[in-house]
Amino acid sequence: MGSHVWRPLYIAAALIALVLVARTFLVPDDFGIHEQGYMYGWHRKGNEAEWKVMTVKYRTAAYCRECHEDKTESLARTPHGIISCENCHGPALNHPDDPPTLTIDRSRALCLRCHALLITPTSGRADIAGINPDTHNPEAECTLCHDPHNPVIRSRSDEQARLSQK
Amino acid sequence: MVHGEAWTLKELFVYPNEYIYWTIQIVMYPFMTGLVAGAFVLSSLYHVFGIKELKDIARFSLVFSFALLPVAMVPLQLHLQHPERGIEVMLTPHFTSAIAAFGIAFSTYGMIVATELWFVYRKHFVETAQALRAKRDKSLPERGQYFLFSALTLGAWDISAQALAKDEKGVKIMATAGIPVACLLHGYAGFIFGSVKANALWTTPLMPFIFICSAVVSGIALCVLSYIVTMEIRKLMVTWKRKSDPSLPTPEEIRTVEMFEVTMTARYLVLALLAALGLELLDLLFRDYAKFHSWEIVRTLIYGKDFVNVFVIQYGLGNLVPLVLFLLPGLTVRRAVVATLLVLMGVFMMRWNLVIGGQAFSASFAGFMHYELPVIPHDIETFKEGLIGAILVGIMPFVFFWGLIKIFPVFRCEDSH
Amino acid sequence: MNRRDFLKNSITVIAGLAVPLSALELINPRKLLAKKDGESAVRWAFLVDTQACVGCGFCVKACKTENGIPHETNITRTWVERYVVTKTGKTYIDSPKGARDGFTANRIDLGEEGHQEIDKDDVEKAFFVPKLCNQCENPACVQVCPVGATYQTPDGVVLVDRKHCIGCAYCIMACPYGVRSFHPEYKTAEKCTFCYHLITRGMKTACVDACPFGARKIGNLRDPDDPVTKTIMSGRVGILKEQYGTKPQVYYLALSREVK
Chain A
1 MGSHVWRPLY IAAALIALVL VARTFLVPDD FGIHEQGYMY GWHRKGNEAE
51 WKVMTVKYRT AAYCRECHED KTESLARTPH GIISCENCHG PALNHPDDPP
101 TLTIDRSRAL CLRCHALLIT PTSGRADIAG INPDTHNPEA ECTLCHDPHN
151 PVIRSRSDEQ ARLSQK
Chain B
1 MVHGEAWTLK ELFVYPNEYI YWTIQIVMYP FMTGLVAGAF VLSSLYHVFG
51 IKELKDIARF SLVFSFALLP VAMVPLQLHL QHPERGIEVM LTPHFTSAIA
101 AFGIAFSTYG MIVATELWFV YRKHFVETAQ ALRAKRDKSL PERGQYFLFS
151 ALTLGAWDIS AQALAKDEKG VKIMATAGIP VACLLHGYAG FIFGSVKANA
201 LWTTPLMPFI FICSAVVSGI ALCVLSYIVT MEIRKLMVTW KRKSDPSLPT
251 PEEIRTVEMF EVTMTARYLV LALLAALGLE LLDLLFRDYA KFHSWEIVRT
301 LIYGKDFVNV FVIQYGLGNL VPLVLFLLPG LTVRRAVVAT LLVLMGVFMM
351 RWNLVIGGQA FSASFAGFMH YELPVIPHDI ETFKEGLIGA ILVGIMPFVF
401 FWGLIKIFPV FRCEDSH
Chain C
1 MNRRDFLKNS ITVIAGLAVP LSALELINPR KLLAKKDGES AVRWAFLVDT
51 QACVGCGFCV KACKTENGIP HETNITRTWV ERYVVTKTGK TYIDSPKGAR
101 DGFTANRIDL GEEGHQEIDK DDVEKAFFVP KLCNQCENPA CVQVCPVGAT
151 YQTPDGVVLV DRKHCIGCAY CIMACPYGVR SFHPEYKTAE KCTFCYHLIT
201 RGMKTACVDA CPFGARKIGN LRDPDDPVTK TIMSGRVGIL KEQYGTKPQV
251 YYLALSREVK
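Protein chains in written order, with UniProt numbering: chain A, 1 to 166; chain B, 1 to 417; chain C, 1 to 260.
Keep in mind that the hints were calculated from the coordinates and are not lab data.
Everything numeric in this text was worked out from a predicted model, so none of it was measured.
Fair warning: there could be bad hints in the mix.
Using 30 Å as the maximum straight-line C-alpha spacing, the simulated DSSO-like pairs for lysine-lysine come out as follows [unchecked claim]: (1) C:Lys87 x A:Lys45; (2) A:Lys45 x C:Lys204; (3) C:Lys90 x B:Lys197; (4) B:Lys305 x C:Lys247; (5) C:Lys31 x A:Lys52; (6) A:Lys52 x C:Lys8; (7) A:Lys52 x C:Lys87; (8) C:Lys35 x B:Lys172; (9) C:Lys125 x A:Lys52; (10) C:Lys31 x B:Lys197; (11) C:Lys204 x B:Lys291; (12) C:Lys35 x B:Lys197; (13) C:Lys31 x A:Lys45; (14) B:Lys197 x C:Lys187; (15) C:Lys204 x A:Lys71; (16) A:Lys52 x C:Lys35; (17) C:Lys90 x A:Lys52; (18) B:Lys305 x C:Lys8; (19) C:Lys97 x A:Lys57; (20) C:Lys8 x B:Lys166; (21) B:Lys291 x C:Lys90; (22) B:Lys169 x C:Lys8; (23) B:Lys291 x C:Lys8; (24) B:Lys197 x C:Lys260; (25) C:Lys230 x A:Lys52; (26) B:Lys197 x C:Lys8; (27) B:Lys123 x C:Lys8; (28) A:Lys45 x C:Lys260; (29) B:Lys197 x C:Lys87; (30) C:Lys125 x C:Lys260; (31) B:Lys123 x A:Lys45; (32) C:Lys241 x B:Lys197; (33) C:Lys187 x A:Lys57; (34) C:Lys163 x A:Lys52; (35) B:Lys197 x C:Lys97; (36) A:Lys52 x C:Lys36; (37) C:Lys163 x A:Lys57.
Computed, partial: chain C to chain B, Cβ under 8 Å [stated by the list, open to error]: (38) Val144; (39) Val147; (40) Ile166.
Note that beta-carbon positions come from the ideal geometry of N, C-alpha and C, so glycine has one too.
Take these sequences, add in the hints, and give me the full structure.
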């Protein structure tokens with residue numbers, strides 16, 4: 001091996017060794033081929049746990065029921081019983097500690113998500129009572145006349161008229 | 001703004017998360033690596049196949065290939081959302097991905113070119129270092145030069161005929177080994193696109209071969225063009241300097257060599273061009289014949305919005321016109337310059353039509369996206385992935401080349417192998 | 001032994017010792033070629049009912065909030081598409097802001113082409129199709145990641161390691177379904193994770209809980225008593241883009257031929 005022609009090869013070998021040594025410092029120990037094989041499981045195992053401990057924001061209606069049983073019971077008897085509380089009240093997060101109260105989304109846009117009348121003859125949407133948002137009291141909040149927790153088709157004015165007729 | 005939103009316009013139905021993610025830098029990358037591979041193959045035509053007529057341009061293209069090499073990394077670093085993690089491709093490579101092959105291909109190729117350069121220039125390093133050592137009073141830059149050239153000899157000071165013969169053998173081995181690695185370097189770039197089954201335009205087994213052929217085309221064209229430019233400059237300088245140094249070659253002598261090299265090299269360029277063109281047309285014809293489901297939207301694109309880009313600029317001006325210019329008898333330097341410029345533009349447009357064109361239609365096959373290349377940057381992203389960033393990448397190899405020829409001279413090489 | 005040989009040999013030995021054994025895992029052919037071990041008791045799968053979906057977009061809103069995608073950002077881990085097929089056979093498809101605000105107008109959003117007004121009498125059929133990551137059995141996105149930043153968990157969910165992703169976008173290009181994008185702040189690849197932090201503690205995903213109409217359900221394919229599994233195994237369900245060989249695990253009831 002006395003010939004000078006091998007010198008570039010030594011340098012190449014040194015560079016490769018350098019990369020391998022760098023690996024011990026720069027690559028985490030739990031990085032490797034895991035359960036799903038090399039093609040689908042080549043990763044840092046610790047990341048799976050990192051995803052599992054992400055903060056839970058939506059606690060689900062079951063959580064709300066623990067304290068607000070009366071509301072959930074009465075809602076359950078209406079067509080809006082199928083809607084998750086947090087859809088309109090926002091994520092519970094750590095309520096009642098933080099936040100102490102939840103917001104109520106009274107915007108028109110929220111109700112129009114389901115109740116804007118669209119041309120959808122072959123979809124489940126056709127079974128929902130809808131209005132034309134451009135002509136049915138545009139600009140007004142739906143909750144001025146309709147109670148989301150008691151959403152019978154009768155509006156408040158109709159309800160008052162009905163009561164006064166008794 | 002999410003990444004891609006600033007330069008993407010959506011038409012009809014495009015999936016909400018779809019934007020043009022691979023932009024001008026991803027066009028520049030295969031263009032630059034193509035030049036690298038092509039320049040090396042040209043150099044090897046002399047060193048391996050002993051085509052002596054190409055000796056003059058061979059040394060030039062080897063050094064140019066080395067100047068292009070570091071530049072090939074730059075578009076990728078500019079494109080990555082986390083460029084500081086780019087080294088992970090070498091540290092935790094996932095070889096099921098074609099991009100991971102980049103680490104291996106790039107390093108191997110770099111080491112081969114560096115080794116070949118060392119064998120070619122070792123005598124020059126030794127002689128320069130010895131001449132500097134003999135000098136009594138060295139200025140500071142001269143001391144630096146002495147240190148640099150001494151280090152570059154790697155301690156191998158023997159320049160006897162025996163040692164030089166070993167160098168020559170080394171050059172031949174490296175040039176031979178380098179050809180498949182240069183093919184790998186650009187072939188894998190073709191594989192990166194060709195293996196994406198989700199993209200209707202990119203997916204074809206022919207892509208690695210199309211890329212290799214057009215890489216050779218672009219490399220040869222760039223070397224011919226640069227060679228002509230430097231020869232013309234030399235002619236001017238020699239006319240001016242000949243008054244004081246009559247041993248310099250005459251402009252006429254330079255011109256003869258120049259024309260010879262250009263004519264010989266042009267033959268290989270034409271061959272590679274025909275191969276690349278043949279494969280690309282085969283791909284289109286095949287899809288049309290077999291009426292693949294994805295072909296409909298691709299056809300709407302290339303016959304509609306992209307017609308000028310694909311058929312007029314790329315195939316017409318970039319392939320057909322240069323072919324005619326090279327094949328017509330009586331090739332002149334001026335015609336060669338026009339033809340090589342058109343070829344380079346054609347190869348660039350091929351990369352553009354592939355990368356941008358492949359994202360010009362939605363994966364839904366029911367909508368289109370339009371790419372607005374950012375010209376005036378207004379934030380770091382539109383700088384990195386816009387025209388300014390691309391131009392920066394384009395001029396870098398010439399800057400490196402200018403620096404490299406101070407260590408690896410490419411002219412007046414009577415002592416070359 | 002002279003000094004030069006001693007130096008040469010010692011450097012070789014030191015370099016050899018420095019090569020860690022873990023790096024050699026990559027050249028162990030048995031590990032490289034091993035198939036998935038298939039031992040997990042759970043394999044998540046999703047069921048979408050395109051007949052029940054009304055396009056309210058509560059799922060998209062809940063997903064954005066639960067998973068920290070800023071409201072104004074124009075990417076979304078899940079979305080709903082609207083299909084309107086006219087009597088003349090033309091199909092219009094749109095998904096304004098991914099249906100983040102639902103569908104509240106009959107006009108179809110055509111992007112740069114503007115809007116398309118739809119005549120009531122012209123509509124042959126119209127329906128809504130929720131989309132999300134299919135958590136494929138053979139995910140093309142995982143295959144093409146050059147650094148191992150995205151991967152498949154033993155229970156079938158495809159995740160992205162935000163500390164490792166280099167942001168090359170190869171996975172985004174490789175996904176045939178268009179479910180991936182870049183997170184605007186982390187600048188890493190972003191996609192639906194089946195709310196991994198919820199399902200691994202016995203809850204349902206945010207979109208499943210938010211849907212008032214039961215158009216979205218999640219289940220465990222390895223549990224034969226799971227009602228979702230029963231529907232997938234015995235019902236008439238479809239999958240998206242089967243020809244790509246990704247084996248997607250989101251199953252659709254009433255999947256119509258127009259769905260892209």
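For the pair we were handed, B:Lys305 and C:Lys8, check the Cα-Cα distance against 30 Å.
violated, 64 Å
Residue hint C:Val147, partner chain B, criterion CB-CB below 8 Å:
holds, 4 Å
Would you mind confirming whether the straight-line C-alpha gap from C:Lys90 to A:Lys52 stays at or under 30 Å?
Not satisfied, since the Cα-Cα distance of roughly 45 Å exceeds 30 Å.
Quickly compare the C-alpha distance for C:Lys125 and A:Lys52 to 30 Å and report which way the hint goes.
violated, 41 Å
Are C:Lys125 and C:Lys260 close enough, with their CA atoms no more than 30 Å apart?
Given pair C:Lys125, C:Lys260 holds - Cα atoms ~16 Å apart, limit 30 Å.
Proposed proximity, C:Lys8 with A:Lys52 (alpha carbon, max 30 Å)
violated, 50 Å
Regarding the pair C:Lys35 and B:Lys172, is the alpha-carbon distance no greater than 30 Å?
Not OK: C:Lys35 and B:Lys172 at ~43 Å, beyond 30 Å, violated.
Is the Cα-Cα distance between B:Lys123 and A:Lys45 30 Å or less?
violated, 53 Å
If you draw a straight line from the CA of C:Lys187 to the CA of A:Lys57, is it 30 Å or shorter?
holds, 23 Å
Decide if the proposed pair is consistent with the structure: C:Lys163 and A:Lys52, CA atoms, cutoff 30 Å inclusive.
Between C:Lys163 and A:Lys52 the Cα gap is close to 15 Å, so the pair holds against 30 Å.
Holds or violated: are the alpha carbons of B:Lys197 and C:Lys87 at most 30 Å from each other?
Violated, at roughly 34 Å.
When you check the alpha-carbon spacing of B:Lys291 and C:Lys90, does it fall within 30 Å?
holds, 21 Å
Hints 1, 4, 6, 7, 8, 9, 11, 17, 18, 23, 26, 28, 29 and 31 from the list above are not met by this structure, while the remaining hints are.
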